[in-house]
Structure formats: structure tokens, C-alpha cells
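There are 2 protein chains.
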Amino acid sequence: MPKLNSHYGKLQASYLFAEIAKRVEEYSTQNPEKSIIRLGIGDVTEPLPAACVEALKEAADELSKRETFKGYPSYEGYAFLRNPIAQQDFQDLGAEVYADEIFVSDGAKSDTANIQEIFAEDNRIAVPDPVYPVYVDSNVMAGRTGLAESGRYEGLVYLECTPENNYLPELPQEKVDLIYLCFPNNPTGAHISREKLTEWVNYALAENAIIFYDAAYVAFIRDESMPKSIYEIPGARKCAIEFRSFSKNAGFTGTRCAYTVIPKELQVGGKSLHQMWFRRQATKFNGVSYPVQKAAAAVYSEAGQAQVKTLTDFYLGNARIVRESLNGFGLKCTGGDNSPYIWVQVNGASWDFFDKLLHNAGVVCTPGAGFGKCGEGHIRISAFNSRANVLKAMERLQKVF
Amino acid sequence: MPKLNSHYGKLQASYLFAEIAKRVEEYSTQNPEKSIIRLGIGDVTEPLPAACVEALKEAADELSKRETFKGYPSYEGYAFLRNPIAQQDFQDLGAEVYADEIFVSDGAKSDTANIQEIFAEDNRIAVPDPVYPVYVDSNVMAGRTGLAESGRYEGLVYLECTPENNYLPELPQEKVDLIYLCFPNNPTGAHISREKLTEWVNYALAENAIIFYDAAYVAFIRDESMPKSIYEIPGARKCAIEFRSFSKNAGFTGTRCAYTVIPKELQVGGKSLHQMWFRRQATKFNGVSYPVQKAAAAVYSEAGQAQVKTLTDFYLGNARIVRESLNGFGLKCTGGDNSPYIWVQVNGASWDFFDKLLHNAGVVCTPGAGFGKCGEGHIRISAFNSRANVLKAMERLQKVF
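Chains as they are written, first to last, in my numbering: chain A, 1 to 401; chain B, 1 to 401.
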């Protein structure tokens, strides 16, 4: 009889969104006349930028003719996409990244989940708390943890993000090999300064650790002093892998495109991580859909850049309304300025606050406890919604507070 | 310092296509006036079916409007695609497969590479020889083999496919847990009868083994007596996972869509593989692009079905020409009738024959030795090309033989 991967048995069932759905349904059933506004979800709501739609359709036309038909893409992505990525997302900021260091993929989720595969089982892993669950679960599945107790897995090092440290984790006190960081952060919305990020890079260089830097929300940074890429920090090419996504800048959650940067000089014991990741991708991945890559490349056109700016400005406008309203109610928040998420410090348990918002205002948020131990006492509100819904939600909350 | 996945060091560098490219380039440089016809590659050449192109464009238009915009897809795929798959690819053949047993993905390569993740390290794996390298390499990377010696990895069980057994492997003599089968086969083009496939299913049931059944080339089956799905065989729902692709039926190599079937009653020690794969996909994958899923669904429309038939008939027409020509030259072949590949038995080493075709006819094939020990003495010719190129190539070979 085959033997199964026993590590799957350690995974905590992902009750968070199921539990949210259950409570919302109960409320709806009991209050069928009440309308519900969902501010919990991290999925975008506004149309794809026009430049991307046009590119998708042009690519479809190319596929319809023998002369312009496209077969298997390369594992790393087309040059027409990797070149503007390298130029506009990095070189224009003074960050040294070359087109051949970019691996185009179908999602930052896949990449952040798969990157651990090129490392051995016995590495010490540090993750933020609260955390995007994919970092944790992919390592649990690979056998790098023990069992979970009160929501924390034995063997992982948790980097606590709390009101006391402004949701910016401290450097680990114990030796770690691989460090997951996410800025602007999901779920806290906190962003890191150049000085603080420099401390992390210097730490990784000194301790021979690798940083997995998830910058999926970079398009929401408006503060010019803040770093957009870890490669703006000297030395990062020798210690960091960066993950980016088109999901949140250009609304590609349903279109699916992302990329990962592995600098060629990033080595462990003389071995190139770029080469190992290439081998991994060449064996287990067949590249991203041609029309999707064309749509992603359109993000870098003049029209695409303007449209993405409008789109992210719109969500940031929502975020500002949420944040200012909540501050007005006397609640402390982080995020919502350089991030689409507002992380709200609530009095008491996050599930109690969730119930309060649902029952008294018909507004759905995400209880912070679902993101980890340090998420307790917080809720996450997402700015991904229509303006009308956001305004109506804030009006209702006004009556509650 | 982080520790790397040391199993990557066991991987044999994939010299096959690099070596082909090198020899072709040398020949071109020395003979700049000679035109080269490439019959080595397994990539399609003809345009995407019109129904799929239309669907891609309509989906792009939907993404352009707030009312019809689509965010994150489900991990398993949209019902509009899973329903016709279940109906037309299975239920219409009398095979019991339900829509909620289908996992839509970005490629059969990803799925056949990733499926091993839900199993433990210490399973005994059987693979065909010659073999699609992904089955082997994904298990090497996961640490299920020892080192390679003369092209074979210690710890794997190789199922030999030779002229003596008509390229249909015998049941394993030793105990195995997981068995990779591919029919119609890449690279041999051989297809399996209902009787032989029943033997495999009965073997797996009796021995508590799981069959990974790769049916990526099913659209080329024209012999009505042959099984198109392993689920046409009684008992297969309790022992088999089937992989399908839109790459070769509808020319999606550059558009990227595939699916995997895991029946709900497929269990190991009381644990549901369907549930484990769902957990795997939910953690490491975010679903397939909405426009791509719409394009794949168009394959099941009346127009789409007719266009796919025309497309596969065209490639099969190429295959027939190749096979009949080669037979005419006195060469023994398999495949090319229910498969786009023709597997040719040559006299002597496959690389020598490769050189002969290249130097005397300017025709590029794939040396069988690149697919495994049993591939030696064979070459693979692909029918994925224009009719004009196929005819010209056969004319040139005529002069050689």
C-alpha cells in the first residue's frame, strides 16, 4: 500500500473563511431584510485595465493565425515581459535586477509556496506573526515543523508583529536559515522603512540567511522614502529572493500572472539558487499563458502605467476613508496609507468584534486571530470594494460607535 | 547557512534537446545553404480553434467591465468547464467521473510533477522506459531515488517497453506502490487495449498500488475499441488518478490548461486522496486564468468539438504520411495511428541515425536514447508540423533510403 505524506496531518484546518461564511449565513438567515457589505476579502473588484484587455484580445488574434501562433512558452517568461519588468520595476529605482533573473509565473502564491522545495528539510524557518498562511503551510507539508500547539507549529520561529513594535518584527534572537518577510504587509498593512530593511539585509548577510521578500502589494506604496524592492538595499542580491504579483496592481487575481527574482549571484555553498530554481521550474512548470503574459506586459506601457495608477489610487482612496473613519471612532489602525489593508486594534477578542460589526452594522471584516496568535485583538479591513459600499459601510459603523 | 535540497545533485543534466540544438547548429554553420526541417519537437504548430479564440476575446471583454469582472478563480476550476469535461470526456463514454472530481490546472506537466507530493518519501515507484522525464525527475527531487547509473536511478522500477512486447510494459515482478503509465504513449506512440489496461487495473487493486494515468494524447485515438479513459475500466475509481491536457487536442501548449481527475472513492488507508490533493492545490495554487478556462470550455461546444476533430485529423494525416513513408523505406514503426508520435526502430545507435538524417536529409528527429535505456536504437518523429514540411521531409528521406 502506498504511504501518504504524513505531514499533511499536522495542518490546521483552515477554518477562518469557512467560519466567517458560516456566521454570515446564520446572520442572513435570521435577518433576511438586512444587506451585508463584505470588507473582509482580499480580492480586487474593479475591471482589468483597458491596456491589458486590449493586449489579451490582440494575443487571442495572434493565436488564431498560423504565422503568429505561439506554442510552449519558455519556463522563465517572454523577453517582452521580462525586459520591462527589469527596467521599470527595478532599474528605474536604482535596483540592480536583470531580465534573465526574472521568472514569470502564474502566481506569487505558487512561487512563495514552491520556493522551499530547493532547500533541504532541516532548515530553521522564520515567519511573521500574523502571517500569510501559505508560508507556513508549505513548510508544514514539506516536513519542516512538528505539531501545532495553540496555533503555532513546533520548530518554526515566529516573528511577532504587535502594536508595541509598530507591526515591524525584530531581528530573530535565535539562529534561522530562511526568513519570510512581506512588505507592505498582508494582513497588517504595515510597511518597512529603508533603514529597517537595511538592518534585515545586513542581518541575513552576517548570519548567512536567505530572505524571501514578498512584495505583492508594492503598487500601493506612495511614500517616496520607502523602498519598493529589497534590491534597493545594498547587499540584497547576495541574500534575497523577491516575489511580485500582477494581482493587486493591475487586478490580475482572475487573470493570473506574477514573477520571482533570483539574482545570479545568490549562492549557497557555491551553488546558484537561480540555477536550482530554473531546474525546478523546467521540471514542474511549463510557463505562463501567452495572452496572459501579453496582458501583463501591457501594464508597462504608458497607458497601462496610468491605468494601474488610477486603479491603485482608487483603492487607496477607499483605504483612506476606512482609516479616517475608524480613527474618528477612536480605533487605532495601521496600514491603509501605503497598503490596501487596514489593520484595526480592537478591544477584546477579534471574533467578538467581528460579530459586533456583523450584527450591528451588517459589515463583514476578517478576524485577525485567523492570521496567527499576534492577530488576536485585531481585525483586517480590505479596501478592495466599490466606493459606494465603502461609504455605506462607514455610515453604518458611525451609528455603532 | 541554509541547506539545499541535495537530491537536485542526483539529476542528470537534460542534455537531450541541448545536444540536438548543438548538432543542428554545427550542421547549419557548415551547410548554410541547406534548409532544415524539424520533426523532433512535440509542440503544436496550427492555430488555436476559432471557438477558443472567440471565447478568449469574450472573456477579455467580461474582465473589462465591473459587472462581469472575475477575481480569484476557485482552486478546482469553474463549473462551466468542469461540467462539460465530466459529461463529454467521461460520462458519454460510460466512464463514471463527476464534475467535483476534476481539478483544472495550468498543465499536465505541473500535475504529473506535483502529484507525488501527497505521498510519503518511502514509496516504490514504477516508471515506463522510455519515459517522459518529468515522472522521474520529480521523484528524484523529492528524494525517492538513489544515484543514477547508466541512465537509471537506483530505487526506481523501470517498466521496459521494447519491440518484443510491442512497447507495452509487463506487470512489475516486484512490489511497487505508485505506477506511472502514459497512453497513447509519449514517446513510443503505442496505445493500450482495453484488455491490457484491465490487467493493470486488476493488478493495482490486488496489490494496493495507485496508477498515475497520463492520457494527454487521448484526442488522437481513432480506434473505437481502445479505451480513452482508465475510468472505462471497472475498479479504476479505486486505484487510478488520470491526467488530461488541452495542449495536444486543442493546441493549448501556449495557452496552458489541463486537468486531473481524482475519484472521491480513491483512498489510501481510509484517507481521501481527493481531499489531500485539494489541500495541496488550495495551499500552492490559485486556479487557472479565467479567459483560459473560458477558452478551454469552448472546446466542448459543438463548433469547438468539430474544430478539434479537424485539428487532430490534420496531425494524424501527417503521422500517416510519415509512418507509411518510413514503412516504405523498410523501417519498423509504432504509433502514428492513434498518436501524433512515430517511434522508429533504427539499425544501430539512435544518435548515429539522428546524424544520418540531419546530414543526408536536413531532417531533425529526436534520438530515442534521450528518453531512457530502452529508447536506444529508436528515434521519435513528431507529426506536429505543416503538411508541406512533412511532405518535403519524406521526399528527402526517400533519397536517403
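Errors might be hidden in some of the hints.
[What the hints assert, rightly or not] Pair ranges (Cβ atoms, derived):
id: 1; chain 1: B; residue 1: Q12; chain 2: A; residue 2: K175; range: 33 to 43 angstroms
id: 2; chain 1: A; residue 1: G155; chain 2: B; residue 2: E302; range: 54 to 64 angstroms
id: 3; chain 1: B; residue 1: D313; chain 2: A; residue 2: K34; range: 36 to 46 angstroms
id: 4; chain 1: B; residue 1: S272; chain 2: A; residue 2: D355; range: 29 to 39 angstroms
id: 5; chain 1: A; residue 1: I36; chain 2: B; residue 2: S272; range: 30 to 40 angstroms
id: 6; chain 1: B; residue 1: K65; chain 2: A; residue 2: D355; range: 33 to 43 angstroms
id: 7; chain 1: A; residue 1: L147; chain 2: B; residue 2: L171; range: 32 to 42 angstroms
id: 8; chain 1: A; residue 1: T162; chain 2: B; residue 2: G235; range: 31 to 41 angstroms
id: 9; chain 1: B; residue 1: S272; chain 2: A; residue 2: E26; range: 54 to 64 angstroms
Just so you know, these hints were derived from the structure itself, not from any lab. Using N, Cα and C, we set each Cβ at its ideal position, and we do this for glycine too.
Sort out which numbered hints this structure fails and list those numbers smallest first.
-> 3, 8 and 9
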